[in-house]
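Colleague: Line order of the protein sequences matches chains A and B.
To convert, note that position 51 of the first sequence is 51 in the numbering used here; the numbers rise steadily by one, no gaps.
To convert, note that position 63 of the second sequence is 63 in the numbering used here; the numbers rise steadily by one, no gaps.
It should be emphasised that the hints constitute simulated quantities derived from the structure, not laboratory data.
Here the structure is a predicted model, which means the values were calculated and not measured.
Possibly wrong hints are sitting among the right ones.
Just so you know, same-sequence chains aren't split out, so a pair can sit in one copy or run between any two.
With a straight-line Cα cutoff of 30 Å, these simulated DSS-like cross-link-like pairs (lysine-lysine) come out [said to hold, decoys possible]: (1) Lys119 with Lys104; (2) Lys61 with Lys92; (3) Lys119 with Lys41; (4) Lys92 with Lys41; (5) Lys132 with Lys59; (6) Lys41 with Lys8; (7) Lys92 with Lys143; (8) Lys27 with Lys92; (9) Lys22 with Lys204; (10) Lys59 with Lys22; (11) Lys119 with Lys143.
There are 2 protein chains.
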Amino acid sequence: MFHLNISKSTLQRLPLYLNYLKSVRDKYVNISATIIADALKLNDVQVRKDLASVSSSGKPKVGYVTEDLIKELEDFLGYNTVNNAIIVGAGKLGKALMGYSGFKEYGLNILMAFDSDPKVIDEAERIMPIEKLPEFCRKMNIKIGIITVPAQNAQEVCDLLVESGVLAIWNFAPVHLRVPEDILVQNENMAAALAVLSNHLAEKLK
Amino acid sequence: MFHLNISKSTLQRLPLYLNYLKSVRDKYVNISATIIADALKLNDVQVRKDLASVSSSGKPKVGYVTEDLIKELEDFLGYNTVNNAIIVGAGKLGKALMGYSGFKEYGLNILMAFDSDPKVIDEAERIMPIEKLPEFCRKMNIKIGIITVPAQNAQEVCDLLVESGVLAIWNFAPVHLRVPEDILVQNENMAAALAVLSNHLAEKLK
Chain A
1 MFHLNISKST LQRLPLYLNY LKSVRDKYVN ISATIIADAL KLNDVQVRKD LASVSSSGKP
61 KVGYVTEDLI KELEDFLGYN TVNNAIIVGA GKLGKALMGY SGFKEYGLNI LMAFDSDPKV
121 IDEAERIMPI EKLPEFCRKM NIKIGIITVP AQNAQEVCDL LVESGVLAIW NFAPVHLRVP
181 EDILVQNENM AAALAVLSNH LAEKLK
Chain B
1 MFHLNISKST LQRLPLYLNY LKSVRDKYVN ISATIIADAL KLNDVQVRKD LASVSSSGKP
61 KVGYVTEDLI KELEDFLGYN TVNNAIIVGA GKLGKALMGY SGFKEYGLNI LMAFDSDPKV
121 IDEAERIMPI EKLPEFCRKM NIKIGIITVP AQNAQEVCDL LVESGVLAIW NFAPVHLRVP
181 EDILVQNENM AAALAVLSNH LAEKLK
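Work out the full structure: start from the sequences and follow the hints.
Modeller: And the structure:
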């Protein structure tokens, strides 16, 4: 596994390639960037460049051994490495994410949720009081924090996660978070997504 | 409510403004674009322009009446209009989204899920066979479809939704969907988000 300074847009296309390769693994023993590009309606120069940043096993005219490339993509994307994570905010969205076991296939293992409301704390349900977050993160070496608290509490929670050693934050609160330079924030703005959908409908239906 | 040809990036910022305004509605009777821009660390020219596309009630020196602007943003974003939607794919993610009642505050009402696997069909749980989708969409005038099927089935499901009258698609499958020009696809690529997080960790921890 080698990690160059790969661009975010390349990184976001890699799961598309992986999915496609898995769907055709029985059909192609070897596969070329051109076939992948055609199937996904992408530019083949771009696909070639993206794959070159993940694998050096491609050969002219032959392409890649499909199974090898699948393995290289999975390794690169960290799907074969388990990343433990915690959630802050055990509301509806937090609980939905905790209950979604599909993240495991991407290597994401959500160990615990934390909340500031004493009424929702329930260790049997893996929901602990927020006061215990820093100790838990340090003890379990947690590097990924998922924020599902209301917008007005998100910055405070973000600061607490950073102080507790978290390096990457998956933010579902509809706010812009301020973080130190070496911390990554990946925003998942459901409200913004719904705004785009709803505006399109209003345009079409007026 | 007036819908100009508003840009997608403006549209994605509007929920941020709305959230902020709701958090300060008790503090400010009137509010200016400058105060909003400072609080959200955005450029104030941009905020002024974004708000002008939603409201014409801003006055020089006074700014906006906070409650009026909240109402205008909510109307514009369609939060006061109920949009009925369906989900295709009653797996883990589909069920998690169905169980998440938080979408209602954004005006999204998920009526039903559809699946091709007879084993998961359960009308009491609001999961119907995929064969019934076209009739249901037409009868209930469904314009929003949410795709949570595996990547390899997503295009087929997308085509079925479009044939059934859906105009806006919220796609959680990690594939690029091909649609007619007047159909909007909003991609929510969890795998890509996780790839970005995981790669950042691999970089930081190596």
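Colleague: None of the hints should be skipped; say for each whether it holds.
Modeller: Here's how the hints hold up against the structure:
Taking the closest pair of Cα atoms, lysine 119 and lysine 104 come within 30 Å of each other both inside a single copy (29 Å) and across two copies (23 Å). Taking identical chains as interchangeable, the C-alpha atoms of lysine 61 and lysine 92 are never at most 30 Å apart, the minima being 52 Å within one chain and 41 Å between chains. Taking the closest pair of Cα atoms, lysine 119 and lysine 41 never come within 30 Å of each other, the shortest separation being 50 Å inside a single copy and 34 Å across copies. Only between protomers do lysine 92 and lysine 41 lie at most 30 Å apart by alpha-carbon distance; the minimum there is 29 Å, versus 37 Å within a single protomer.
With identical chains, the CA atoms of lysine 132 and lysine 59 are never at most 30 Å apart, being 52 Å at best within one copy and 48 Å at best between copies. Taking identical chains as interchangeable, the C-alpha atoms of lysine 41 and lysine 8 lie at most 30 Å apart whether they share a chain (19 Å) or sit on different chains (23 Å). When the C-alpha separation of lysine 92 and lysine 143 is checked against a cutoff of 30 Å, the pair qualifies both within a copy, at 23 Å, and between copies, at 25 Å. Taking the shortest alpha-carbon separations for lysine 27 and lysine 92, only the inter-copy value of 28 Å comes in at or below 30 Å, while the best intra-copy value is 42 Å.
Only between protomers do lysine 22 and lysine 204 lie at most 30 Å apart by alpha-carbon distance; the minimum there is 29 Å, versus 37 Å within a single protomer. Proximity of lysine 59 to lysine 22 under the C-alpha cut-off of 30 Å is restricted to the intra-copy arrangement: shortest distance 20 Å within a copy versus 58 Å between copies. Taking the shortest Cα distances, lysine 119 and lysine 143 sit within 30 Å of each other inside one copy (27 Å), while across copies they are farther apart (38 Å).
Consistency with the previously given hints fails for numbers 2, 3 and 5, ordered from lowest to highest.
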